Each structure stands twice: as C-alpha cells, then as structure tokens.
Amino acid sequence: MTDSTVILEVPAGPAGPVTSVRGARGHFGRWLARRLALGVVILLAVTLLVFLATQALPSNPSQAILGRNATPSAVAALNHKLGLDEPILTQYVHWLGRLLRGHLGVSLATGQPVGALLWHRTVNSLTLLFFAALIALPLSFFLGTITAVRRGPFDRIFLMIGVVLSALPDFVIAITLVILFATVVFTIFPGVALVPPGTSPLDHPKELVLPVMTLVLLNVPYLYRLVRASMIDVLGSEYVAMARLKGMPPRIVIVRHALRNALLPAIQGSGIVLGWLLGSVVVVENVFQYPGLGSALTDGVHNRDLPVIQAVVLVFAIGIVLFNLTADALTIYLTPKLRTGSDL
Amino acid sequence: MTATAAPPEVSTPQEADLRSWWAVGLKDSWQYGRTRVGLAITVLIVLLAVFGPLLAPHSPTQLVGPPFAGPSSSSPLGTDYVGEDVLSRVLNGGRFVLWMAVAAGLIGTIGGTTLGITAGYGRKWVDEAIMRSLDVLLAIPVIVFALLFISMLGSSPLLIVVLVGISWMPTVARTVRAATLEIGRREFIEAAEVVGTPRRQILAYDILPNLMTIILVELGLRIAWSISLVSAISFLGFGISPPHSDWGLMINENSIGLAIQPWAVVAPVVCIALFSIGVSLLADGLAQAVSGIDRKAG
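So the sequence lines, in the order shown, correspond to chains B and G. The first sequence: position 339 = 339 (the numbering used here), numbered continuously. The second sequence: position 191 = 191 (the numbering used here), numbered continuously.
Calculated from the structure, these hints are not laboratory results. Quick caveat: nothing in here was measured; it's all calculated off a predicted structure. A couple of the hints might just be wrong.
[Stated by the list, open to error] If you want the ones that stay clear, here's a sample from chain G, every Cβ over 12 Å from chain B, calculated:
id : residue
1  : R34
2  : A40
3  : F51
[Claimed, not checked] The following residues of chain B were derived to be distant from chain G, with all beta-carbon distances above 12 Å:
id : residue
4  : L43
5  : H80
6  : H120
7  : G152
8  : A167
9  : T183
10 : V216
11 : E238
12 : Q268
13 : N303
14 : R304
15 : T331
[Stated by the list, open to error] Listed next, with one range per pair, are the computed distances between beta-carbon atoms:
id : chain 1 : residue 1 : chain 2 : residue 2 : range
16 : B       : T199      : G       : L159      : 49 to 59 Å
17 : G       : P66       : B       : T326      : 25 to 35 Å
18 : B       : R30       : G       : Y81       : 29 to 39 Å
All C-beta atoms, glycine included, are put in the ideal place defined by N, C-alpha and C.
When you get a sec, could you build the whole thing from the sequences and use the hints?
Structure below.
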C-alpha cells in the first residue's frame, strides 16, 4: 500500500517526470557527481587532519624522529629540511601540492621513495581483501538465505556462532587460527605469510590461506545476518506470497523474486564491511608478518617514519571513501525506484 | 518533588512513564539467555582483573625459571619469554584493559550522545556542521586513527583511551541523532514546544530519558569494541610497555614461543576473548530487549 503511493509520487517529483532511460541515467549521473565531490571534500579534510596530527602538533616531529638526545642544531637542520620553520598554512599548502603531484616524499627509515614502497604494499593488501571478499560475499549470501528460509535450531546455532565470532577481536581470531592450523594443533599452513619483495603474493597461495581466513571470519557473521534479516523481511512480503500462491516452485521464488531484493542491504553492508576490514588488515598483517599497507603503517609508527605514516593513512581513507561510494552507487543502480527517483 | 529538578508540568506524566520504560528495558533483557551468560562471564573476568593480583603466586616481574618452560607445580601455566610466571602475569594483566575499555567506552558514548542530540534537535546548520565533520573521522579506520596520533605523541594509556573514545563518537552520534529525530517528531515533544518549554529543558527532561536505553546499548557495544581495540594496540606493541603485564602485550611477547609454550599465548587470548564476548552478549541482550519494547509500543 505504502509502496504504491511512493511509486506514484516519484515521477511527479521536482525534477519532473522521468520517462526515458536517458533521464534516469541523468539522475544517477548527477547523484554520482555529487557523491564524488563529497568524497573529494572528505579526503581533503583527511589530509588536513593528517597534516595537523603529524606536523603541527605541539610535539616537534624532528625531535620525535631524531630522539630525545638529539642536539638542538640537528633538530633545527631537520626542521629546515622538512620545511617546519615556515608558517603552518604555507607548510600545508606546499605539502598538499606535493601530494597532489604524486610526490609522497622519501621514507626516513629506508631512504626509498614512499610511492614505490606503498604501491607494492597496496597491491598486496588489496590481494588479501580481494580473496576475502571473493569467499565472504557468496558465503554470506548463501548462509543468510538458507538460515532465513529454514528457521529453527540450525538457524539458532549459526546466530550464536555469529554473535560469538563478531565479539572476538581480530587479532584473537588470527592468533587462534595460528594456534589451530599452524603451530600447536595442526601444522597444515604456514603461520607467517612472508612474501619476499619483488614476488607476488599470488605465488604463495599457501601463505595467504590463514590471513584470508581471518578476514572471512571477521566479516561473514555481520554480512550473513544482514542478508538473513532482509531475506526474512522479503519472504514475508506480499509479492512473495503472490508468487507462491501462483504455484511457483519455492526455489524459483527464493532465487528469482526474493534474493534480488534481499541482496540490496547486503551490498551496502559490504561497502561498510570492506572499510572495517581495512582496519583489521593492520592487525592481521602484523600477526602474519604479511608485507602490506598495515604492516607498513606499524613499521612506520615504530620508526616514526613520517612520510610513510601520512601516505598510508591517506591510502586507507581513499579506500574507505571508494568502498562506500561503490556500494552506494551499486545499491542505487540496482534499485529502479531510487535510480529514477528525485529524492537522491 | 524538590524545586531543583522540577520539570515543566507538560512532561511530568511522560517522564514517569519513561522511567518505568527504562526499568522494563533492563528487566526484559534478563529473559534472554545471552544476557545472563554475558553477565556471568563479564563478572568473572572483572573479578579476575580486579582481584587477580591478590591471588597471583608470584610477582608478575619475578623470574621463576628458564624462558618458555612448560607447566610445573610452581608455575601451573609455565613461564614466558623471559622466564616470568604466566599465571601471575595473566592474573595481573587485566587491570589496564578493564579501566581503559570502560573509560574509552564512556568517553565515546557521552561525547557521541552530546553531539548526536545537538545535531538531531539543533538547527539545520549545526546538524550539518556536526555530522559532516564526523564523516571525516569515519573515513579513517579506528585503529589507524589511533596509531596516527600515537606515532607523534608517544604512547600512554590516557592518550589511547581518549583516541579510542573519540573514534567511537561518529557512530554513536549517528545512532543517537537518528533516535533524537524520531522522538522529536512525537506528539508530546510538539506539545511541550507549543507550551513554550525552553528547548534545553525539552532536551534534558523529554528527549534524553527516552534515549537512555539506546545510550546504554551503545555504551555496552563501545566497551566491548574498546576491549578489542585497546588490546589490539597493546598487541601491536604501542600500548602498555613491557615491565607491566597486560593480556594484549603478553600475546605479542610470547607469540614467538607459540610452538614450544602455547600456554603463554593461549591464556591471555582466552581472557580477552571471554571479556569481549561477555560484554557483547550483555549489550546484545539489552539491544534485543529495547527492540522488543519498540515493537510492543508499535
């Protein structure tokens, strides 16, 4: 009932009736442009935050880098080298300018350009995330559908496992997997995922198993409950009852009618989950000594390697903004009502 | 009724009504098995963390044997990477994570609630200003945010607590703002507005009591996640420093000896896992009860 009113209202929105596919695309295009602009604004704000945190805090970064016993002249020299003797605003503008031109600086610990270092690390971390998503998404959709269709003890057991798993800290899950599969109980998989520099993580499939498994265990409990909840909602809806009453086979009703709509919240959830996983990547890469962005960040913090820390934080922020944007765009693109709607 | 906190007449019956709601929320949550299990586990771990040091057979920093020695009669869980007693260190290792997680949860919930209520019941531009600036924080993973500042300011328990607390504020604020908007539309708020009750008073006496259960659920969740985060920071080596004993730190210190002396890692892992499971179950039971009330209230 409420649905039909919404459908009636939508074409009469302020933007006028949307009659052609082209008009709908225009809507989507405008929405996308606005979201992209918002993303850029957020990223700019993140650069300001990172800059303030690393270069403008009362603690002197040169002192932090050189240690407490550094002579004042050495501190002054480094201050000059880092441009810290200029006014704050000038420093920020210069720093941002270099950043936008792709000059991420030179690692203070290794002397290598940060850009080259981070490129490999980003590829490695994305490899982990890619495999984690490749397993976790279908698994969550499957589990969510099954438990929604067959309620009962089966469902309740999975809910309980989900509640417990999602309560566990990421490094606890990682260490537990190491205990179970790499050291104490079984020794099937390596407990460290050392990928020598210059080689691709894809050449070391066995090393990837435990880190990927950790990430999968971290997001399936949340995602599958999302699918389950929306599936239960959809299965109770009138159009599913209608399809059933027409005598359609249950399997077709579920796959063709229910699943498509039940997946939408899950797609949006995946964007959020991928963002969370970026945080978990920091911890998981440390447990397995995997050479990705997360371990670059912790190494950077250990060595007070300013340019590396700044760049890694920005890459993480770009990742989160892109994941959310993609998930929202997909959701809108897959919902006809929203795609043509004026309330975007 | 005393003059100090006398609410305007319009809201008095509502308030009485709401007080009982609050109690109903707590009582309702008790019917769920998970609340009771959660409470039992939480109480157990809190007792362990608080009174553990009194029960420890050795000092947490006393060398009692060779590094990574297996369990013996004097040290039932063996020794750690330098030869300290694992059991004593576990019994001493819960204090930091306990107070830090509770403090970070409180900071995040109180700060987030203040921001969320202000955004939800304030003027449009205040709402926009608050929520858009919080969006910036949401673009950085919580642990990355903490590490960014720890790298420059050096690590201290207080700094970690503040950073973790701040990083919970955006999500708490979003939840509280949504709930505030929802309550702000109800008739009794409109009635109070029409009568001319100051907005500040409406916030304190009409909106806030209505949000208490939601805030309580948020607090539980944030404490549970703070346990994860605080111990993760310790585990990464940026939290409590070595002479002290701390569960997260113990896992870090002893993971090299995992194959020879698993107890030095397993014991703190179990403690952290139980602690966060216990608090999560509690929060979950409460959340269930709250959504139950909403359903009943229609």
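(request) Kindly indicate which numbered hints from before are broken by the structure, ordering the numbers from low to high. (result) 1, 4, 8, 9, 13, 14, 16, 17 and 18
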